[in-house]
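*Asks:* Read top to bottom, the protein sequences are chains A and B.
Using my numbering, the first residue of the first sequence is number 1, and each one after it goes up by one.
Using my numbering, the first residue of the second sequence is number 643, and each one after it goes up by one.
Mixed in with the good hints, there may be bad ones.
Unchecked claim - With a straight-line Cα cutoff of 25 Å, these simulated PhoX-like cross-link-like pairs (lysine-lysine) come out:
id, chain 1, residue 1, chain 2, residue 2
1, A, LYS484, A, LYS412
2, A, LYS19, B, LYS787
3, A, LYS137, A, LYS203
4, A, LYS633, A, LYS252
5, A, LYS435, A, LYS484
6, A, LYS494, A, LYS484
7, A, LYS342, B, LYS690
8, A, LYS307, B, LYS690
9, A, LYS633, A, LYS342
To be verified - Per label pair, the in silico range of CB-to-CB distance:
id, chain 1, residue 1, chain 2, residue 2, range
10, B, ALA892, A, GLU340, 30 to 38 Å
11, A, GLY328, B, ALA694, 55 to 63 Å
12, A, GLU340, B, THR882, 23 to 31 Å
By construction, these hints were calculated from the structure, which means they are not laboratory data.
Yeah, the Cβ is synthetic: ideal placement off N, Cα and C, and Gly gets one too.
Residues per chain are reported as follows:
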Amino acid sequence: MTVESVFPQLEALLPHVQKPIQYVGGELNSTVKDWDSCDVRWALMYPDAYEVGLPNQGVMILYEVLNEREGVLAERTYSVWPDLEALMREHGVPQFTVDAHRPVRAFDVFGLSFSTELGYTNMLAALDLAGIPLLAKDRTVDDPIVLAGGHAAFNPEPIADFVDCAVIGDGEQAVLDITEIIRAWKAEGQPGGRDELLLRLAKTGGVYVPRFYDVEYLADGRIGRVVPNAPGVPWRVSKHTVMDLDEWPYPKQPLVPLAETVHERMSVEIFRGCTRGCRFCQAGMITRPVRERSITGIGEMVERGLKATGFEEVGLLSLSSADHTEIGEIAKGLADRYTEDKIGLSLPSTRVDAFNIDLANELTRNGRRSGLTFAPEGGSERIRKVINKMVSEEDLIRTVSTAYGNGWRQVKLYFMCGLPTETDDDVLQIGVMAKNVIQKGREVTGQNDIRCTVSIGGFVPKPHTPFQWAPQLSAEATDARLAKLRDSIRGDRKYGKNIGFRYHDGKPGIIEGLLSRGDRRVGAVIRAVYEDGGRFDGWREHFSYDRWITSAEKALADTGVDVDWYTTRERTYEEVLPWDHLDSGLDKDWLWEDWQDALEEVEVDDCRWTPCFDCGVCPQMQTEIQIGPTGKKLLPLTVVNQ
Amino acid sequence: MQRIRLRYTKRGRLRFTSHRDFQRAFERALRRSAVPMAYSAGFTPHPKVSYANAAPTGVASEAEYLEIGLAEARDPEALRAQLDESLPTGLDIIDAVEVRTPNFVERLEASEWQLRLAGVTAEDAARAIEAFLAAEQVEVQRLTKNGVRVFDARGAVAAMELLPPRVGDGNDTATEETGDVRTGNPCAILRLVVRHATPAVRPDDVLSGLRATADLAPPVPAEVTRLAQGPLDEETGTVTDPLALDRAAAPAGL
Chain A
1 MTVESVFPQL EALLPHVQKP IQYVGGELNS TVKDWDSCDV RWALMYPDAY EVGLPNQGVM
61 ILYEVLNERE GVLAERTYSV WPDLEALMRE HGVPQFTVDA HRPVRAFDVF GLSFSTELGY
121 TNMLAALDLA GIPLLAKDRT VDDPIVLAGG HAAFNPEPIA DFVDCAVIGD GEQAVLDITE
181 IIRAWKAEGQ PGGRDELLLR LAKTGGVYVP RFYDVEYLAD GRIGRVVPNA PGVPWRVSKH
241 TVMDLDEWPY PKQPLVPLAE TVHERMSVEI FRGCTRGCRF CQAGMITRPV RERSITGIGE
301 MVERGLKATG FEEVGLLSLS SADHTEIGEI AKGLADRYTE DKIGLSLPST RVDAFNIDLA
361 NELTRNGRRS GLTFAPEGGS ERIRKVINKM VSEEDLIRTV STAYGNGWRQ VKLYFMCGLP
421 TETDDDVLQI GVMAKNVIQK GREVTGQNDI RCTVSIGGFV PKPHTPFQWA PQLSAEATDA
481 RLAKLRDSIR GDRKYGKNIG FRYHDGKPGI IEGLLSRGDR RVGAVIRAVY EDGGRFDGWR
541 EHFSYDRWIT SAEKALADTG VDVDWYTTRE RTYEEVLPWD HLDSGLDKDW LWEDWQDALE
601 EVEVDDCRWT PCFDCGVCPQ MQTEIQIGPT GKKLLPLTVV NQ
Chain B
643 MQRIRLRYTK RGRLRFTSHR DFQRAFERAL RRSAVPMAYS AGFTPHPKVS YANAAPTGVA
703 SEAEYLEIGL AEARDPEALR AQLDESLPTG LDIIDAVEVR TPNFVERLEA SEWQLRLAGV
763 TAEDAARAIE AFLAAEQVEV QRLTKNGVRV FDARGAVAAM ELLPPRVGDG NDTATEETGD
823 VRTGNPCAIL RLVVRHATPA VRPDDVLSGL RATADLAPPV PAEVTRLAQG PLDEETGTVT
883 DPLALDRAAA PAGL
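Use the sequences and the hints to build the structure in full.
*Replies:* Put into structure tokens, the structure is as follows:
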């Protein structure tokens, strides 16, 4: 049955909305396949605005991996802004894909990638606009399978009522395996309906289907246990790990939008995973082990990607890009190849201790030395031991003084506030560090116009990290601490004017905390917020703390638990955590020991360079660390004149 | 440095491309097709591209113009084909000439627009056109960054007529009965020629004028297409090819 494009109806609405180009599709390297010649069809969503969602690497990779397969089709959909949402509701236009403007409900799978929990209300908006029942239990065989992925899916319990299943870990192979299961079930004539398909997926052990697990609660509100309720469904669901990134050189043909988006560059993931062991960092815990892409693999992706896109910047992505074993050769090789073409290189996420000036000089060969960014995360030496961010103030000062000596004038430093065991003094040290940086800069350059910007975010404890048991600092306490820091910086006559101070108030962090460590009871809160008009919670101008708090009070009224219980309460060793049945490979006892080490200010090394600390991931997931060096070089390409 | 003038389109759904969006897309197309661009001097060199008179976002166009500077000479037609291939369908490069005459922008004296008014009958449209053309002045207002501006929309209009219903020319689905095949509703198609004046009078200003003089209020937004821009022949009320002078100035044999 051919599915009609909704574009004619949509087109009439576009003259009335902001930035209509974001809804028309037609991006370079996008793919529209014939509906009827495919038997498994995916609608992929990044549940935020197009400008944020389009550059998302996860969605781009899966879009290409799926579309490369015979008989499989993938299209993309993004959150529509409230102006278009209102018009779509008025005129009966359903949630659509931007590729062929097909209604999302017509697809077999509606897959959503959650980088952050703040996209949950946008998922409900999209389901509702699509005409798909909000609750998984109300869906029929005519509705798509609603599947969640991305980092937030490592605790899918708050959205367990709304999704049919969740997949944790790397998606490349997982989406293909799921596709085959759906294909077989459809070819057999959909035996047993929706339940049978979900059961087949659940039995693989790699797809979490919330409806096949019952959650039992204790009288005090904590979870008693989580039990499978269908035969053949495993007690725990495993994360997926792709080995050998060189076998997955995606995206090969990155999408190039016509609309302006947040990242306009050719991004290459140079490695996946991180074993630095920063205790606050969920990404570093759930993406283990480290798997490097080879220098030649990176070179080929950049070359092919630039040809396919025309971008003028290459971003070398990873959780800590300067940690690639051959980063120096990579940066030099790329600079040799592309400086003449006026293509810039960027290296987001650089550690202070891994940074060196040769690398920085390769990255700025075109002469632009605007600013350097580092993330010490904690202001005092003590708190950095707690979080295992093994960077000393001497490291930082040495690095910035070299940088100032080589022409940089501006340093940006990222920190967190509200870390476990933190005191006012730990945070006030941030100001001291900034002053020391400026002082050193003045000393090295002999100039006064040295700037240092400190940017501070509130810490939110995340599942599958050693801090998953930690109490979150309340919004009021966070704000009070930041106010003290602000006053101490502003009050400094000698340096105050040269220190930029950026911070976020503590309120959004509390809601993120609720959603991060919540259980199934939090689903009712998300729904209440959505029904009250909540959307785009990651956007300051749309987020409403009061709406979340009011909705939570109502929705949690009969549960005996509240927002504080989920956020500022410290958990104990015995407590069953809502995500314990989702296996990230990390041994819970190892996490607990690391939490105890944190409290005792004991640091742990990186297992890339030291013996294994038994975090559990490699044996549990049958994976291993894959790092270089390969010893290969990235030579300049010779120009062939025609 | 060789300079080349290009004519390009914004068609179909890509008419929602803003001018900024087009600029980015075009400069990326230049990179993808490895056009030997000349760059501006300075710390952050930019490829030499200058744009003339972009149509508003949401308005389709058959006649947008830009000029590029090349570090190495290229055959204009080969370059056109190469760039057209590199751009998404709808943003099409349809003409190219080597620059041989100055003052191109001054040559863009007027634009010819087509307005497709779904839900408006031919009779209503004809009556409105008559009233508009009969007026000496038609004051309209437009909301700008600096507040509401009031100006005359009549003076800049060099010609305006109701086009006979046509069938089968691509976008146009009007039937013999001046109706719309898709919906069965009436549909009027207007052609107008507007001088490029200051303040600029845009097709939607003329529509405001039609509403002011004859109460013409299309129930759905007009689909507007720029058909041409260039020198204005005042006698016939037509717009001619702005690239003709460059073509005529080309040495024989090219």
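*Asks:* With reference to the structure, classify each hint as holding or not holding.
*Replies:* The hints, checked one at a time:
no., hint, result
1, A:LYS484 with A:LYS412, "20 Å, holds"
2, A:LYS19 with B:LYS787, "17 Å, holds"
3, A:LYS137 with A:LYS203, "19 Å, holds"
4, A:LYS633 with A:LYS252, "22 Å, holds"
5, A:LYS435 with A:LYS484, "16 Å, holds"
6, A:LYS494 with A:LYS484, "18 Å, holds"
7, A:LYS342 with B:LYS690, "14 Å, holds"
8, A:LYS307 with B:LYS690, "21 Å, holds"
9, A:LYS633 with A:LYS342, "21 Å, holds"
10, B:ALA892 with A:GLU340: 30 to 38 Å, "33 Å, holds"
11, A:GLY328 with B:ALA694: 55 to 63 Å, "47 Å, violated"
12, A:GLU340 with B:THR882: 23 to 31 Å, "43 Å, violated"
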